[in-house]
Structure formats: C-alpha cells, structure tokens
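S.K.: One letter stands for each residue in the lines below.
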Amino acid sequence: MEWFKKAREGIISQKKKDIPEGLWTKCPKCSDIIYVRQLEENLSTCPNCEYHFRIKSSDYIRLILDEGELEEKDQGLISGDPLQFKDSKKYPDRIKTASKNTGLNDAVVSGIGKIDDKIISIAVMDFAFIGGSMGSVVGEKIARTIERAIQMRIPLVIISCTGGARMQEGILSLMQMAKTSALLARLDDLRLPYISVLTNPTTAGVMASYASLGDVIIAEPGALLGFAGQRVIKQTIRQDLPEGFQSSEFFQEHGFLDKIVHRRDLKKTISLFLEYFSNDVQGSA
Amino acid sequence: MSAGFVLEFEKPIVELERKIAEMREFASDENVELSREIESLEQKLDRLADEIYSKLTRWEKVQLARHPRRPYSLDYINAFCKDFLEIHGDRGFADDKAVVCGFGKFNGQKVAVVGQQKARDTKGKLIRNFGMMHPEGYRKAMRVMRLAEKFNVPILIFIDTPGAYPGIDAEERGQAEAIARNIREMFRIKVPIIISIIGEGASGGALGIGVGDVILMLENSWYSVISPEGCAAILWRDQAKASEAAEALKLTAQDMLQLEVIDKIIPEPRGGAHRNPQGVYELLGKEIQAQLEHYGSLETGRLLEQRMQKFRRMGEVLQI
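First to last, the protein sequences are chains A and V.
Here the first sequence is numbered in the numbering used here, starting from 91 and rising by one per residue.
Here the second sequence is numbered in the numbering used here, starting from 686 and rising by one per residue.
Just so you know, the hints here were simulated from the structure itself, not pulled from any lab data.
Please note that the accuracy of each hint is not assured.
Said to hold, decoys possible - Covered by chain V, according to a simulated footprint, are these stretches of chain A (three or more residues, beta-carbon under 8 Å):
#, segment
1, 213-220
2, 271-281
What the hints assert, rightly or not - As a list, the in silico DSBU-like pairs of lysine-lysine whose alpha-carbon atoms are at most 30 Å apart:
#, chain 1, residue 1, chain 2, residue 2
3, A, K324, A, K208
4, V, K926, A, K179
5, A, K180, V, K740
The model shown is predicted, which means the values in this text are computed figures rather than measured ones.
We put the CB at the ideal spot given by N, CA and C, even for glycine.
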C-alpha cells in the first residue's frame, strides 16, 4: 500500500473502493496533502484551495438529483464505426476499452430526474470515456434528452465534461453540433429553460454548440473552458498564454459565463434558476 | 508566385505541357512540321493526366483544395452576382475581413451572400487572416442572414476555411459562443440557405456558417471535424502524419456523399477548379439556380422543418 498517491488528471471517485491504494492524495493546485476520506466528504474538492477534482457522471447524478435517482434512458445506444477509423488503435477497440474501464456505453448518461421535486430532463457527460468526446451516440443521446424536455414540457439540464468532438467519427461528430443545436432552437421557441453546467474541461465542439447555448451557463471554479486547444493557440500565435487563460474565471470576466459555483452549491443554484424560469412550464413544482 | 505554383503530383503533367508548348513554338518559329509528334505527346498528356487525377489520394485532394490558384469566394461572387454590395462589421466589435458579406443579383434574383475569403499574396493573406474567422466574423455573417430574412432574400454561402481562428483575442470575444449561436440561429432563418463548399471546410469554423437547406460540394474540396494536420498532431502525435490522418478522417466530397452529410458533388475539370474556373462557375451556378428555384417555392414552415430533419438524421448509432 502506498501512503502517498499522486493525484493524476483522472477520475477521483467519492467511493473509497475506487481508490484502492493511497490514503493521502496531493492537490494539483495548492500541493496540499489531503486525507482521501476528507476529500470524499468534501465532494472531491480541495478543503484548502477549493480545487475541483474531476468526478464521474454517476457522482453528479448522486449530487444533484433528488435521492440521487435517475430514470436512465437510451442506455443501450452504442457507437458504430462509420469510418472504420484506425490510428494506433482501432476505434471499436478504443470503445471496448473505455466501456470496460468505465462501465458506460458512451460518454454521456441521460434520463429523467428531479431537482427539489422539479422534474427535469438531464444529461451528464463523463470525461473517463474517451475524454468525454462527442460522437454520434453522445449527439443522439443529447438530442433525445432535448426532445424529452420538449415532449414533456420540462426543463433541460446538461452537465458537460469533454474535450470536444470525437475525431474517430470524423464529420459525423461535427454534425452532432448541428443536430443538438437545432433541437435547442425548438426548445427555446417553446420557452422551456435550459441550464448548461460546465465542468473541467468543456472545450471545442461541445463548447461551440450546446454547452454555450444555455439560458444561463454556470461552471465549476477553475474549469478549462474554450474553443481552441491551448497547444494550437500557442503554435499559431507563437507566444505564451496569459495566466488563467480559458479558465472559468476568465470566461466570466469576458462575459460568457453567468456564474461560477462551488460543487456543493450546484444543486441549490440549478434549483433556484429553475424556480425563476418556471413560468408556464408544466411538470415543475 | 502563385500563378506558377505546382503541386508535387502535378509536376509530370506541367512538365509535359511545357514540352508540348516548346515544341509548338519551335515548329512555328522554324516552320517545321511537328504536328504528328505534338499530337502524340498530347495523347500521352491526356493519358498521364487521366492516370494521375483518377487516383488522387485523400491527402492529394486536400492539397488541391488548398491550391493557391483555386477560385476563392470573391471569384464566385464576382462571377455570379451583378451589382454586388458588400456590407461590413458586426456592430459590436469590428469588421472581420476573413468573411465577405453582402447582397447581389444572381441571374436577376436578389440574394444575400456570405463567403469565407482567402488571398493569394502575403499582404492579402494577412488582411483575410488566411480565411480564419474571428467571433465578429460569425456575428457579421449572422447580421447579414437576419437582414436577408427580414427582406425575404435567399442566402448563398461559400465555405472555404482552414478553421476558426485559434487565438487569445478570439477566445476573449467568445469564439465558441459565436459559432454555437450561429449554428442554432441558422435553423430559424426563414429564407432558403444554399451552402457551397468550395475549398476547405474545417470543423466548427466551417459549420459556424454551414447550416442550410442544401449542401453542395466541389469535387476536390474537403470537410472534416478537424484538419488532417490537427488530427495527426493529436492522435499520431506527429503533424507529418497528416496524409494518414486525411485517409482515416474520410474527408473528401465522395466520402461526404457516402456519409450523407452533403447533397451533391459539383464535378471539377480534370486537375481541379483552377484549371478551368469558368467551367466551374457555370456548373455550380446552374446547380445553385436550380436549388434556389426548388427551396424558394417551399412554404416557410416546411422549409425549416426539412432543414431541421436533415441534420437530425446525421450520425450512426447502434442499439443493444
């Protein structure tokens, strides 16, 4: 057993059994040594500097839905291999590995749940599945999540955590941006609320589609948010990037984010927005 | 300069063409009879060109799409539109010259035009930012589309971009927001939108003005979620693997048709659009005319419903 385990950019679960080794972990931001159990009790945020460790889609569901209960939909949707894509690995093998490691069929979990008794249609992305990338399955599940909100006349909540479109499905991934945005236009026409929640990271193709189209957009502190990747920007402009570039705080400063919310206040904040936006919405309390 | 620009795989053809031209010159200068030799060389050229252009790799097609002599948006606008009136600015920040917006008369019919613009000389390239739009460019494009809707004028869009500009300023002004908003709002624009992909269609930079009722694509253009170089840098960790990435990404017009992302391929003359721009203007012009007639006759509700359904269908999922 290791006494110290370096926190990697990965998934730190609230359940102890997922971290079999290491009683202590180090905060990547303030370098504080944190007792793992304390980290868990603190919703995987650093007690010292409030650094938000990445958590799983199932953690968010437990965190914000009443009784942690999701009536999951479209669980059986899985990826094809429309391009027969192969880089160092075949795409279907990547999918298989990701499924095995995460227990998920793709990078988003969706369904119906309640927040403080208000029924909502919700989708939560999961970075552990190929970087939370959006291919046809993610696009289709998000589309159906919006359609359920439309059919049931209930609010929509999407929690994003993604590097962007999934390259292995090529142009079809790009088109998911159009597909999801088309339905959001319809949701908007019907004056149904959409709360977009951004977590670390939310970038590229998802940021340039549904994640940016919420009636309000809220983010966890310190999340990486933006369109272009930092490496690409650096190569293009050939200079260093300013401190805090593309963070939640940067995003809010420039007028593209309504609110930065600590994970512990996420449910409360969403709930309050839903209350303010509940006019004419059936299905809400 | 660009007038003499020759791609690697074009070299044998250009070489042979030069030889034929020299022989002609010699024959006329020296008054020698060489017509049989010339004819035989021309036949050889014909076979050679057929052979080379019939089996271009995807990566070679990407290079054709980037050919500096390839017609750009303004070339099409000038060929298609009488009395073109350009408008400038997003009314918020600046005028993005990587995109040309305005109104013109296409075969006598009023149209609005949005076209991503590249340039051939260094100064022009900087002014046009290599065809890479900033957020204000997307907002300018939306402004002209709203005007088109207000005055009931159909919209012609020409896509030719290596991507939305990846820079600090672009991020500060909300590149993602500008693109996302355009994509959503284009589903609500109540006039026909005819998209033509004439060169490069890179990622969100292209899709940010890429939602429409019909999507036409020139034979040697490409459309992809990421540029081959970008994909190679990420998945192969080596930009030099762009040719492999281009193959894997399946980004040609033929691929797009097979994946049901576009509606029609506009054939180019052998060797690419730059070898006979007039011919391309004619073919694309005819197709746009036909599409304008078709979509112009649709009732607005149906037009918007079809536009939505067109994109709603895209993608491939399996059910277990």
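S.K.: Against this structure, judge whether each hint is valid.
M.R.: Comparing the hints with the structure gives:
Chain V is given as covering the segment 213-220 of chain A, and this is violated because 0 residues of the stretch bring a CB closer than 8 Å to a CB of that chain, at least three being needed. Only when three residues or more bring their CB closer than 8 Å to a CB of chain V does the claim for the segment 271-281 of chain A stand; here the count is 8, and the claim holds. Of the pairs offered as hints, the one joining A:K324 and A:K208 is violated, with about 45 Å between alpha carbons and a cut-off of 30 Å exceeded. Of the supplied pair hints, the one linking V:K926 and A:K179 holds, its CA atoms being roughly 15 Å apart against a limit of 30 Å.
Between A:K180 and V:K740 the alpha-carbon distance is near 26 Å, which keeps this suggested pair within the 30 Å criterion.
Checked against the numbered hints above, the structure breaks hints 1 and 3 and satisfies the rest.
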